[in-house]
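Novice: One letter stands for each residue in the lines below.
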Amino acid sequence: MYADTEKTFETAKEIREDTTMKTDIVLCGVGGQGILSIATVIGEAAMKEQLYIKQAEVHGMSQRGGDVQSNLRISSLPINSDLIGMGQADVIISMEPMEALRYLPYLNKNGWIITSSAPFVNIPDYPESDKLKRDYAMLDNVVTLDIEAMAKDNGIPRSANMILLGAAQKALGIEYAKLEDAVRSVFGRKGETVVEANLKAMAIGREAVLNNTVK
Amino acid sequence: MKKLLLGDEAIAQGALDAGLSGVYAYPGTPSTEITEYIQNSPLAESRNVHRRWLVNEKTAMEEALGMSFMGKRAMVCMKHVGLNVCADPFVNSAMTGTNGGLVVLVADDPSMHSSQDEQDSRFYGKFAMIPMFEPSNQQEAYDMMADAFDFSEKVHLPVLMRVTTRMAHSRAVVETVDVPREENKLNYNARAKDWVLLPAFARKRNAFVTGQQAMLEQEAADSIYNKYIDAPNHSLGVIASGIAFNYLNECYPDGCPYPVLKISRYPLPKELVRRMTAACDAVLVAEEGQPFIEEAVRGIMPGDAMIKGRLTGELPRTGELNPDLMRRALGLPCMEGFAPCEDVVPRPPALCNGCGHRDVYAALNEVLEEYPDARVFGDIGCYTLGFLPPYNAIHSCVDMGASITMAKGAADAGQWPAVAVIGDSTFTHSGMTGLLDAINEQADITVIISDNLTTAMTGGQDSAGTNKFEAICRGLGVDEEHLKVVVPLPKNMAEIKETIRREIEYHGLSVIIPRRECMQTLKRHLKQQKK
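Line by line, the protein sequences give chains R and F. So the first sequence is numbered by this note's numbering: it starts at 1 and just counts up by one. So the second sequence is numbered by this note's numbering: it starts at 1001 and just counts up by one.
Please note that the accuracy of each hint is not assured.
Derived pair list, reagent style DMTMM-like, types lysine to aspartate or glutamate, alpha-carbon separation capped at 20 Å [stated by the list, open to error]:
1. F:K1003 <-> R:D181
2. R:K200 <-> R:D125
3. F:K1270 <-> F:D1281
4. R:K22 <-> F:E1336
5. R:K131 <-> F:E1517
6. F:K1002 <-> R:E49
7. F:K1002 <-> R:D146
8. R:K133 <-> F:D1343
9. F:K1497 <-> F:E1369
10. F:K1484 <-> F:E1470
11. R:K22 <-> F:D1254
12. R:K170 <-> R:E207
13. R:K131 <-> F:E1342
14. F:K1003 <-> R:D130
15. F:K1484 <-> F:E1498
16. F:K1002 <-> R:D181
17. F:K1003 <-> R:E49
18. F:K1491 <-> F:E1517
19. F:K1527 <-> R:E192
20. F:K1227 <-> F:D1147
21. R:K109 <-> F:E1342
22. R:K109 <-> F:E1336
23. R:K133 <-> F:E1342
24. R:K48 <-> F:E1175
25. F:K1530 <-> R:E192
26. R:K22 <-> R:E175
27. F:K1193 <-> F:E1175
No lab work stands behind these hints, which were simulated from the structure alone.
Chain R on its own, in the form it takes in the complex (with noise of 0.2 Å):
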């Protein structure tokens, strides 16, 4: 009895799809592995870009060394569900390479993973790493960086996170200016040394995959 409704939501998808900018993000990784930072960078450039978001984040018990997650959705439209649907996220963004995974479900046929490479293992029945690397394997859109390698040899071990937010910019259609501009404006008040460490690991990132370093 609901027929003709299905039709209609697909052909305004696909006038929709022609004319707006819609990015459905999730970001995910371990409890105080810092991904709230990355969401507070995205979320602060696309207010920048005068565009819509929203992004869910949690908080309370899971924050404990478990898997976090949070949905960030930016939009030159006005957004509804706070959360986002399955199949639905063009891009996950993960400081870990077996969460990443976790999310595969609300990934869109045609999403990207930009993840770190390397496990946080604090549970006994972490998957074996040849595992995680079949996993990958079958899958298109990936890149993966040792981000906490990558931010050690360049002497900015605590952005890890920002190399990864780096690398996935293309992925989030937003422009890299306008990121830069948002690390100044959410690190500014931490002085300048720390502005500058953020700068460097987001062009760290971005430079890994203009140059095709990565897979």
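Dock chain F against chain R, hints included.
Specialist: Positioned in the frame of chain R, the structure of chain F alone reads:
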């Protein structure tokens, strides 16, 4: 002014901009950020708005009622189960009525992300016969605060503002006013006969409040927050309350083809519901939480319209809603994504590395190996995680403070050893009264107050009893000989174990206080010191 705010922050800013004079609260996910935002607000500081954390939701509710009594605007914030703790003053605040605007903000947690049940606070609002607001988005949450305070002052009743996790913990851009409203002046409105709930007077108030219900319902029907949005296809109508309205709109970006009744204010306006049931062949009720509206609409008599929802299986009976559940209920296809990855395993939360609770459980477990019949009664906080591997250390966790009282009840039944493990903040919240019961009967239990100097689980808020625990225990009558303080560190393991063993062997009431600062707040404090 445009600000990117959490739902909780929008509520806090809305309350401040509406002339709030005091926020009264005990931390509880997902409501904590409201009070934290006010604590960090320059406006609240310049106006000296009351914003300190309190002992529990009952003291908070009563203090807020006292402020309202004196004519000022007050807000009480809590998670849903906090409303159980303050049910007595909450329900009776409708009997006394209010003077300055009083908003009771309750954040429900459907799907129990950080809670032990998923009770729906709207039942409480109906039970107490007070008006309720349920925002559908962050902007509405902000806007509603001013209206909720105004309405409370208009009808002299507290207003229940109900939000749920996704509303509380999701950010969106919110347009706020540039100039906040002034606070109310101190104004004692002498209605002593209303405020003294002696039966003879309370009966009159009860009749009056009951008589107000038709007016409250009419106000809800006329409210801008409740909307009947007509559409051509009458094969279905949808009643969507709170954030369910967003999920509905998510399914139909170009507008829902069916009539929609958006509900964000209660009592449920029957005339709007009747309009929908008369016009549509069937009605789908989508609401976050329990089937509060659905049951009211369904009644028990067969009606003209077919009512669908959580009770008929179109939507799941429990748990929070999401866009996919909504699509399924509307007969729409879900988008196709990737199959779940089978190699992914659960990653449950755990006690932090270096956490003092870890040392407490390690010692307790080793001692209890000597007492295979021991039962350990847990409580609400980070240390509830002691139930999970590797500790598997507790046998119960029910509600705030239940560790001590349940251990006593078990001891009354003949259980030995009976051990209670409770945190510092939970102890002052609801453990002290139970401890007095245990002391008065010299119950044969061992109480461990694991003191990490903070309310850790909700993010490290001040704990009301810090530096006072020995004095509290002594004052209640704990025997000095059986009041022990230890420092939970691996190097003290032998001493801690010996203390626990001795106090279990003592057939009377003992209190052991392992005390060491929470790792999270310690890190924060060290960082602050560096600056």
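Novice: What hint numbers does the structure not satisfy?
Specialist: 2, 5, 7, 14 and 27
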